[in-house]
Every structure is written in C-alpha cells, then in structure tokens.
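A.B. asks: For this one, chain A is given, so just place chain B on it according to the hints.
2 protein chains.
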Amino acid sequence: MTKETLKREILDKRSYLCVGLDTDITKIPVHLLKYDDPVFEFNKQIIDATQDLCVAYKPNVAFYEAYGARGWESLEKTLAYIPDNIFTIADAKRGDIGNTSRLYARAFFEQMDFDAVTVAPYMGCDSVSPFLEFQGKWVILLALTSNDGSADFQHLPMADSKGKLYEQVLEVSQQWGSNEQLMYVAGATQSSHFENIRKIVPDHFLLVPGVGAQGGSLEEVSRFGMNKDCGLLVNSTRGIIYSGTGTGFASEARKSAQEISYQMDNYLEKFL
Amino acid sequence: MTKETLKREILDKRSYLCVGLDTDITKIPVHLLKYDDPVFEFNKQIIDATQDLCVAYKPNVAFYEAYGARGWESLEKTLAYIPDNIFTIADAKRGDIGNTSRLYARAFFEQMDFDAVTVAPYMGCDSVSPFLEFQGKWVILLALTSNDGSADFQHLPMADSKGKLYEQVLEVSQQWGSNEQLMYVAGATQSSHFENIRKIVPDHFLLVPGVGAQGGSLEEVSRFGMNKDCGLLVNSTRGIIYSGTGTGFASEARKSAQEISYQMDNYLEKFL
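For the protein sequence lines, the chains are A and B, in the order given.
Take 1 as the starting number for the first sequence in our numbering and just add one per residue.
Take 1 as the starting number for the second sequence in our numbering and just add one per residue.
If we strip away everything but chain A, and leave its shape as in the complex, we get (with noise of 0.2 Å):
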C-alpha cells in the first residue's frame, strides 16, 4: 500500500486506529474452544466487527509461532481475511545477516502478503535493506520502543553530542530508504519524545504502540506526533481484543474501538 493511499483510507475513515490481533488460545471467550481453529475464529470475529473503524492490524508473529506450525496457518488465514484495504503489519521485530533478513522478507511479503513488517535496527544497514528491496512493502524499525528496557540502550547518550541511541538510528536509517516506504516504532509512552522525533522524521509515518493497557496518551501522542499526512498508526491491542469476555465479545471490542475512534475524529479535526 502507498502512503499516499494509507493518509485516503485515515481520511475516508476518520481513524488512525491499529487493531492488535495479539490473540492468545488461553484468553479468548470458552465457546469458541469448539471451533477447529479457535484463534482464527476469534480474529474472524474481531475483523468483522473493527474493520470499519480501523486502517490496520497487526498480529504479533509471537502469539502465533508460541503454537508452531498450528499457529503459523491461523496467521495465514487471518491475513487472508483482512480486507485489502487495511494495512497489514506483521510485528515480527526481525533483523539478521542479509541472506537471512533476505528469507524473511520473503516469509512476511511473498509466503504471506503483509504491507509491512517490524524490524530491529541492532544489526544495522545490510540486516534492513532486503525487507526494502520489496516494490510497495513498509520496514517499520524500531526506534524508542514503548517498554522500560528502552532505557537501557536506546536512551544512552552518545559520544560526540549525537543525541541518545534512539535519535542515531532515526538519522542513520533515514538513508537507507524513503519514507514511502520507512516507518518507524515510537511507544506512546514515550510522549514526552514526540516533538522531538518529529524534529529528526517530520514526514515519516509513526507506529505507536502503548496506548492503553501500557498508559499512554492518545492525546498527546496526536498532538505532539501528527504530522501533514497524520503521519501517525496508533495501536491498541488490549484494550480492544479483550473487552469483552463472553459470546458477545466482538460487539464488546466493537464498542472499544468506537470510543477510540471518535477520539481520533476529533483529534484529526484539531491538529491535522
């Protein structure tokens, strides 16, 4: 998907809302344990009931691989379910030797047809650029990660008044592909960060995870972080999936993504 057709789909749907699909067997309602596939029943059930709300998901590979091969095809068909229209993010966080990074890029854009995938920055340049050689495919790397571990290396300072680890991978990775098809993780819980990061990637689109069950500010992270396009795919993944618990539990994740919807209506309407 062009970014240009992500800013039409956030515009026509007044929402800049990412549904996690981070679906764990142990968590979803019990009726659904009687399905063949329980897990993508649910996310049958959570598509059907967000996709109008929403202009993406993102599973996280995690939740699927943790059940191996069995996991892998819900991932499969789920994918398959999601309308083309929604942006597709696998949350894989891959990175490796350039053969290898290589091989997942097929994994995630041939063998499976995500728009983008998540990416580590630690092994630099030649581990990145595979998943950028895909014609109309998103990396989205890492950059200040929404958990408290980003404190211990992503804001150490630098020598030579470069800024934190986290300011370094945003100025050297802008080099290594277009923001047509580069996005970049920033934790919602790290706010206070935004105005900041926009001084380095003003035009880049921002995924922001933390929203919710972690604490951060929607708000806040719509004011200090959109940018000409809205720039911006904010991510709620408990706070959604998991609001209801019984039979009526897509109708429950339904009423959740609403409220977070008309939010970002009228944070669209104030700083956009």
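Don't take each hint at face value.
Just so you know, same-sequence chains aren't split out, so a pair can sit in one copy or run between any two.
Subject to a maximum C-alpha distance of 30 Å in a straight line, what follows is the list of computed DSS-like cross-link-like pairs (lysine-lysine) [said to hold, decoys possible]:
#1 Lys137 <-> Lys164
#2 Lys27 <-> Lys3
#3 Lys162 <-> Lys199
#4 Lys77 <-> Lys27
#5 Lys77 <-> Lys34
#6 Lys44 <-> Lys3
#7 Lys199 <-> Lys164
#8 Lys27 <-> Lys255
#9 Lys137 <-> Lys77
#10 Lys44 <-> Lys270
#11 Lys44 <-> Lys228
#12 Lys270 <-> Lys13
#13 Lys34 <-> Lys228
#14 Lys228 <-> Lys199
#15 Lys199 <-> Lys255
#16 Lys44 <-> Lys137
Because the hints were derived from the structure by calculation, they are not lab data.
C.D. replies: Okay, now just chain B, sitting in the frame of chain A:
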C-alpha cells in the same frame, strides 16, 4: 544443558564446532526433492554425518519460516532428530516487550525444546529476561555481529567514555543473568575485538558466526577468544552443509566438518 555438560562435551569430542542448519530448499541436492519433506531429509543426513564432530546445531529460524507452516514442521522434526547430548540453538534473534518475549520463549523452549535462543538487545532488560526464566535454558545475546552493518550502531562510541555500544551491551546485560544462562554472539569477522570482549566477559561462552564463507579466522578467534572452559562455539554453515551437491553431499559435509574439528583439536591443545 548446563555449562559444565557443554564443556565436557567439547573436551570429549575435542571440538567446539556448531553446525548451522540454514537449509534452503533451492540449494539442496535435487535427488532429495522426491521426499515428502526434503528439508528434513537433508538435515537428517547432515546430522547423521556430523554429530560426532560437533557439539551444537544451530538452525536459523528464518530458513524455516520462509515456508510457513510446512517449514515450521521441518524445524520441529529436525530438532527432535538431534541427539540429546548436542546443544541446540534456535537462531531467531527475537526480542519484544515482556509478555511477547515470554511467548517467544515458550515457542522455543516449550513448544519446541531448544537449549538456547539468540536474542536482540535493543529493547533492553525486560525484553530479554523472560527467556532467562527458563531453568536450564540459555539466552545468546547479540553483542558484536559478523555483518558489515555492525558498524552502523554496534561500533558507535558512547558518551562519558563508556566505550562502544557493543561494549555497553556486554557490560549492562551481564547483570541480567549469570554466565550459566547467558552467552554472547561475537562475529569471527571481528576477531580484532576478541581480546577486548574477553576483558569485559571473561567467563561467558561466545557463539561465533562468520568463519568460512564470511571470512573470519578460526585461529584468531580461538587464540583471543578461548577461556578456561573453552568458552567458544564456532559456527560454520555454508562451508559444511553445502560442501557437496550430489548424492554424496552428506559425506562431503562430513569431510568439511572433520577438517574444522581437526583444527579445533589443535587449538584446544594450544590455547586452552
């Protein structure tokens, strides 16, 4: 597997060779394609031919993921086929927020039964610690990788004379777990840094990729990297598994593994 057991296996076999099982269906001998699962058949024959010459096998997970659910099954069968006295490493380079890392840990340590998994450091302590909670299992943290891209961030100097980023990773992460559960990746192409690495982590095992196709020197790695427990697992992949292309591929692989293990015997004599 405990550190003591691993050391004993090394001294018994006079080898610290790790064979990489990065099995690419487009590169295996064509006569294997008639099997139901050619990738597993290839691995099985490689394992039969090399298991007395190596102490570890390291499948790179990307090569299996590239084929989706089917690839995942090949990986599970391969792991089950490896004898119990051989150390098994899922080269996955994972790392995510806590609850997600916990799932990856379950995938590799419970769903499958690997001894170790490679983990990326960028997201910090809480992305790594869930892997360290598994009794008898190992984390192998990326420190200084063998690829060119290691220059982009790993070699960047930190403020306050704290050395380079990879040195900070070694310093900081030592506090997360003991050397009975934590190893580091240190690329053979970086052997000029091994003396320095050994100053920071004298007692940890190092997993060393990059000998062979990538050009690293086994002698230098052994000279500067070996400690009182040997402390090295040196990986070779392409130099072993793709030594032959016909029906005799497994005995060709054996010959290549033998050459390396002869050298290792010699270096154990010389440097241990």
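A.B. asks: Taking the hints in turn, state whether each one holds.
C.D. replies: Hint check:
1. Lys137 <-> Lys164: within (29 Å within a copy, 33 Å between copies)
2. Lys27 <-> Lys3: Neither way: lysine 27 and lysine 3 sit 35 Å apart in one copy and 37 Å across, limit 30 Å.
3. Lys162 <-> Lys199: both (14 Å within a copy, 27 Å between copies)
4. Lys77 <-> Lys27: Both: 20 Å inside a chain and 29 Å across chains, each within 30 Å.
5. Lys77 <-> Lys34: both (18 Å within a copy, 28 Å between copies)
6. Lys44 <-> Lys3: within (26 Å within a copy, 46 Å between copies)
7. Lys199 <-> Lys164: both (14 Å within a copy, 26 Å between copies)
8. Lys27 <-> Lys255: within (19 Å within a copy, 51 Å between copies)
9. Lys137 <-> Lys77: This pair counts as within: shortest intra-copy Cα distance 20 Å, inter-copy 33 Å.
10. Lys44 <-> Lys270: Neither: 33 Å inside a copy, 62 Å across copies.
11. Lys44 <-> Lys228: The answer is neither: 33 Å in one copy and 56 Å across copies each exceed 30 Å.
12. Lys270 <-> Lys13: Result: close within a single copy only, 16 Å intra versus 69 Å inter.
13. Lys34 <-> Lys228: For lysine 34 and lysine 228, neither the intra-copy (47 Å) nor the inter-copy (56 Å) Cα distance is at most 30 Å.
14. Lys228 <-> Lys199: Answer is within; shortest intra-copy Cα gap is 14 Å, inter-copy 50 Å.
15. Lys199 <-> Lys255: neither (35 Å within a copy, 57 Å between copies)
16. Lys44 <-> Lys137: Only inside one copy: lysine 44 and lysine 137 sit 24 Å apart there, 36 Å across copies, limit 30 Å.
Consistency note: the structure conflicts with the earlier hints numbered 2, 10, 11, 13, 15.
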